[in-house]
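Participant: So the chains spell out like this:
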Amino acid sequence: MIRKHKPEILVTGAGGSLAQYVINLLKNDYHIVLVDFRRRVQLEEGLSSYRVEYNKRGFEDIFRKHKIEAVIHLGRMGLYESTHRNRYNHNVLGTQRLLDLCCKYQVHKVLVLSTYFVYGASPYNPALLTEEAPLKASELTMDLVDSVELENLANIYLWKYPELNITILRPCNIAGPGVLNSLSLLLSSKVAPVLMGFSPMMQFIHVEDMSRAIVLAFKQNKPGVYNVAGEDWVSYQEAVTQCGCRRFPVPSIPEGLPKLFSKRMDWKGWPPYLINYYKYPVIIDGSLFKQTFGFRIQRSLTDIFAYYREKKEMGIL
Amino acid sequence: MSIRGFLKKYLVSNEVETIANRIPKPVGSFGYDPWGYNSDAIKIAISLIRPLSKYYFRLEAYGLENIPANGRLLIVGNHSGQLPLDGVLVSYALGTSPVNPRAVRVMIERWFPTIPFLGNMLNEVGAVLGDPINCAKMLRNEEAIVVFPEGIRGSGKTWDKRYQLQRFGLGFMHLAITENTPIVPVGIVGCEETMPTPIHIKALSKLFGMPYLPLTTPVPLPAKVRLYFGKPMHFTGPINDENDVAVKVEQVKAEVDALVQQGLQNRSGWFE
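Keeping their order, the protein sequence lines are chains A and B.
Per the numbering used here, the first sequence starts with residue 1, numbered consecutively.
Per the numbering used here, the second sequence starts with residue 1, numbered consecutively.
Mixed in with the good hints there might be a few duds.
No more than 20 Å apart at the CA atoms, straight line, and that leaves these computed lysine to any residue pairs for SDA-like [stated by the list, open to error]: (1) A:Lys259 <-> A:Lys65; (2) B:Lys25 <-> A:Lys259; (3) B:Lys224 <-> B:Tyr62; (4) B:Lys206 <-> B:Phe112; (5) A:Lys259 <-> B:Pro116; (6) B:Lys202 <-> B:Leu213; (7) B:Lys224 <-> B:Gln261; (8) A:Lys259 <-> A:Ser82; (9) A:Lys290 <-> B:Asn141; (10) B:Lys8 <-> A:Lys136; (11) A:Lys268 <-> A:Pro177; (12) B:Lys9 <-> A:Thr241; (13) A:Lys56 <-> A:Leu101; (14) A:Lys136 <-> B:Pro132; (15) A:Lys65 <-> A:Tyr105; (16) A:Lys160 <-> A:Glu149; (17) B:Lys253 <-> B:Pro232; (18) A:Lys27 <-> A:Glu44; (19) B:Lys25 <-> B:Ala136; (20) A:Lys290 <-> B:Gly28; (21) B:Lys54 <-> B:Pro220; (22) A:Lys290 <-> B:Arg140; (23) A:Lys290 <-> B:Val27; (24) B:Lys8 <-> A:Thr241; (25) B:Lys206 <-> B:Arg110; (26) A:Lys136 <-> B:Ile133; (27) B:Lys54 <-> B:Thr96; (28) A:Lys263 <-> A:Val41; (29) B:Lys8 <-> A:Gly197; (30) A:Lys136 <-> B:Lys54; (31) B:Lys25 <-> A:Asp285; (32) B:Lys161 <-> B:Pro196; (33) A:Lys136 <-> B:Trp111; (34) A:Lys222 <-> A:His108; (35) B:Lys25 <-> A:Asp232; (36) A:Lys136 <-> B:Arg110; (37) A:Lys259 <-> B:Ile115; (38) A:Lys219 <-> A:Thr292; (39) B:Lys9 <-> B:Leu48; (40) A:Lys190 <-> B:Ser2.
Since the hints were made in silico from the structure, they are not lab data.
Just chain A, same shape as in the assembly (with noise of 0.2 Å):
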């Protein structure tokens, strides 16, 4: 029997829900090298598996071991995981160590997973921020710092490395099975706060919508930077009370306030520098990257919402 060449591919956060759909959906074509820094992931036989951190020597090994040809770079320290200066080690060096090695070991292409939290919520942002809108984030907080330096490193490699067909993604909030970012920690909950007299605009992807789109960048490998995001929109108070999430009111002025209730209360997914994005829309177009690669969204919002009340009906949540 002949075996078919597979290419090998990198994937990093594989510990993560989104990246084990996209490891779904590639491994039938890739060999897929698995690497994460909180865990060694175990998904199934064949599969290369390492636990280590982007920026101890170690990781180069994995170059050596390997013949790798692509790397989606999904691993992020999360916001509420670790302090903004453990975050900036991990992410922001951690990725300009992975690029230089895909530099070295002439890797051909590099998928970056960003947020559309770069943009920063203002109350000056227009609606349907493009990818050329100024990245305003780490103007207003310091914790959002190492996306907005990911981005920029990425976004240097992308023009200074063209060999490396860096492609930059900038999704709007992931929502779904398994997704364990800050949103959706908030829509996981019973009680979810919301600021009086506040309720911005957002939009959400279903964790299998964005796996499909990061897929469909892998493949086509069209280089630069894309918003993804779908075109429904909603407001935040109702996103939660469809989620069955009791509705928790914090008085919005003084504007101090809600960032000392954030703090008192040790709300993960409502963190002092993310309550902004509770207050100011951030609405991203996500029509570039639609048009670019054909994208079309399948789930939509009710069937994200639907996720988490049903969760929470069963008592799963």
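Starting from the structure of chain A, add chain B where the hints point.
Facilitator: Below, chain B alone, put in the same frame as chain A:
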């Protein structure tokens, strides 16, 4: 039940429901558009403005047939009356128009989104942050936008300057040309008399950071309001310089002024 659900249940009549459902406005699965417009909030707003418009201001609108049934549109009018009642009444007239009803967007000052409740409420009924990028995006989304190029120079006029058009900003003409958008001029007659203002209290307005603070009636007076919509005007580029734009703006201003003068001639008193 949410506040919106409660208000909808008790305020929105079948008649208003029918009127609002005629407005051809694409929205998402939860009734929102990207700027926060909400189809239920519009029904509540129409229900609240309807008695005011019908019995208090006795609104009359002429030339509604000049409003295209769909497609991008700038509606440019004279601004007056201290409060933005003119924007509300133009939006109401177009939303409930028997011919070609349209959901109309109004641009608001940059500090509104920071005000709890009010900012959100305004967004839900179609108002959006007055930002050129927002405006261009909305036109590409085939929306109809009301523009008052006089800005606060017009709305904050004192009584001695009533029905004298102030300087028009040029921004709307740039948008009309670059986004290939027709302009429908509108002359608004009656709003000047809703809040006659002899003077402004400048010291207090500075203290509160307000653009102006008029010494006027505590509530708007029941002046009869008439709206005169003119024929669509089309402008094309390229833009060679700002003088070229200013000349085109003057054409729109002259058209708005002619409609205002027509309205003034047609009326026999403020409250008739």
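Participant: The structure should be examined with respect to each hint, and the outcome stated for every one.
Facilitator: Verification of the hints:
Proximity of lysine 259 of chain A to lysine 65 of chain A is assessed by CA-CA distance (about 47 Å); at most 20 Å being required, the pair is judged violated. Restraint check for lysine 25 of chain B and lysine 259 of chain A: the C-alpha separation of about 38 Å exceeds 20 Å, so the hint is violated. Note on lysine 224 of chain B and tyrosine 62 of chain B: the hinted pairing holds, with a Cα-Cα distance of about 14 Å set against a maximum of 20 Å. The suggested pairing of lysine 206 of chain B with phenylalanine 112 of chain B holds, with an alpha-carbon distance near 17 Å, which does not exceed 20 Å.
Distance hint between lysine 259 of chain A and proline 116 of chain B is fulfilled; the C-alpha atoms sit about 16 Å from each other, no more than 20 Å. Of the pairs offered as hints, the one joining lysine 202 of chain B and leucine 213 of chain B holds, with about 7 Å between alpha carbons and a cut-off of 20 Å not exceeded. Taken as a hint, the lysine 224 of chain B and glutamine 261 of chain B pair is honoured in the structure, with Cα atoms around 16 Å apart against an allowance of 20 Å. A C-alpha spacing of about 18 Å is found between lysine 259 of chain A and serine 82 of chain A, which places the hinted pair at or below 20 Å, so the restraint holds.
Taken as a hint, the lysine 290 of chain A and asparagine 141 of chain B pair is honoured in the structure, with Cα atoms around 16 Å apart against an allowance of 20 Å. With a C-alpha separation of about 38 Å, the suggested pair lysine 8 of chain B and lysine 136 of chain A falls outside the 20 Å cut-off, and the hint is violated. Restraint check: the Cα-Cα separation between lysine 268 of chain A and proline 177 of chain A comes to about 18 Å, which is no more than 20 Å; the hinted pair holds. For the given pair, lysine 9 of chain B sits about 19 Å from threonine 241 of chain A by alpha-carbon distance, which is consistent with the 20 Å threshold.
Annotation: proposed proximity of lysine 56 of chain A to leucine 101 of chain A holds, straight-line Cα distance about 12 Å (limit 20 Å). For the proposed pair lysine 136 of chain A and proline 132 of chain B, the alpha carbon gap of about 18 Å is at most 20 Å, so the pair holds. Using a Cα cut-off of 20 Å, the hinted pair lysine 65 of chain A and tyrosine 105 of chain A holds, with the two alpha carbons roughly 11 Å apart. This hinted pair checks out: lysine 160 of chain A and glutamate 149 of chain A have alpha carbons roughly 16 Å apart, not beyond 20 Å.
Restraint check: the Cα-Cα separation between lysine 253 of chain B and proline 232 of chain B comes to about 13 Å, which is no more than 20 Å; the hinted pair holds. For the proposed pair lysine 27 of chain A and glutamate 44 of chain A, the alpha carbon gap of about 10 Å is at most 20 Å, so the pair holds. With a C-alpha separation of about 18 Å, the suggested pairing of lysine 25 of chain B with alanine 136 of chain B holds against the 20 Å cut-off. Taking the CA atoms of lysine 290 of chain A and glycine 28 of chain B, the gap is about 17 Å. The hint holds against a cut of 20 Å.
Simply put, lysine 54 of chain B and proline 220 of chain B have alpha-carbon atoms about 15 Å apart, close enough for the 20 Å limit, and the pair holds. Of the pairs offered as hints, the one joining lysine 290 of chain A and arginine 140 of chain B holds, with about 17 Å between alpha carbons and a cut-off of 20 Å not exceeded. With a C-alpha separation of about 19 Å, the suggested pair lysine 290 of chain A and valine 27 of chain B falls inside the 20 Å cut-off, and the hint holds. As the CA atoms of lysine 8 of chain B and threonine 241 of chain A are separated by approximately 18 Å, the hinted pair is consistent with the 20 Å bound.
Under the criterion of a C-alpha separation no larger than 20 Å, the hint pairing lysine 206 of chain B with arginine 110 of chain B is consistent with the structure, at around 17 Å. At roughly 16 Å between alpha-carbon atoms, lysine 136 of chain A and isoleucine 133 of chain B fall within 20 Å of each other, so this suggested pair holds. For the given pair, lysine 54 of chain B sits about 12 Å from threonine 96 of chain B by alpha-carbon distance, which is consistent with the 20 Å threshold. Proximity of lysine 263 of chain A to valine 41 of chain A is assessed by CA-CA distance (about 33 Å); at most 20 Å being required, the pair is judged violated.
Among the hinted pairs, lysine 8 of chain B with glycine 197 of chain A is consistent with the structure: their alpha-carbon atoms are about 19 Å apart, no more than 20 Å. Restraint check for lysine 136 of chain A and lysine 54 of chain B: not satisfied, since their Cα atoms lie roughly 46 Å apart, outside the 20 Å limit. Note on lysine 25 of chain B and aspartate 285 of chain A: the hinted pairing holds, with a Cα-Cα distance of about 19 Å set against a maximum of 20 Å. Among the hinted pairs, lysine 161 of chain B with proline 196 of chain B is consistent with the structure: their alpha-carbon atoms are about 11 Å apart, no more than 20 Å.
The straight-line distance between the Cα atoms of lysine 136 of chain A and tryptophan 111 of chain B is roughly 19 Å, inside the 20 Å bound, and the hint therefore holds. Distance restraint check for lysine 222 of chain A and histidine 108 of chain A: the Cα-Cα separation of roughly 12 Å lies within the 20 Å cut-off, and the hinted pair is therefore satisfied. Of the supplied pair hints, the one linking lysine 25 of chain B and aspartate 232 of chain A holds, its CA atoms being roughly 14 Å apart against a limit of 20 Å. The hinted pair formed by lysine 136 of chain A and arginine 110 of chain B meets the criterion: a straight-line CA distance of about 17 Å does not exceed 20 Å.
For the hint linking lysine 259 of chain A to isoleucine 115 of chain B, the alpha-carbon distance of about 18 Å falls within 20 Å, and the restraint holds. Of the pairs offered as hints, the one joining lysine 219 of chain A and threonine 292 of chain A holds, with about 12 Å between alpha carbons and a cut-off of 20 Å not exceeded. For a cut-off of 20 Å, the pair hint linking lysine 9 of chain B to leucine 48 of chain B stands: about 13 Å separates their Cα positions. Restraint check for lysine 190 of chain A and serine 2 of chain B: the C-alpha separation of about 18 Å stays at or below 20 Å, so the hint holds.
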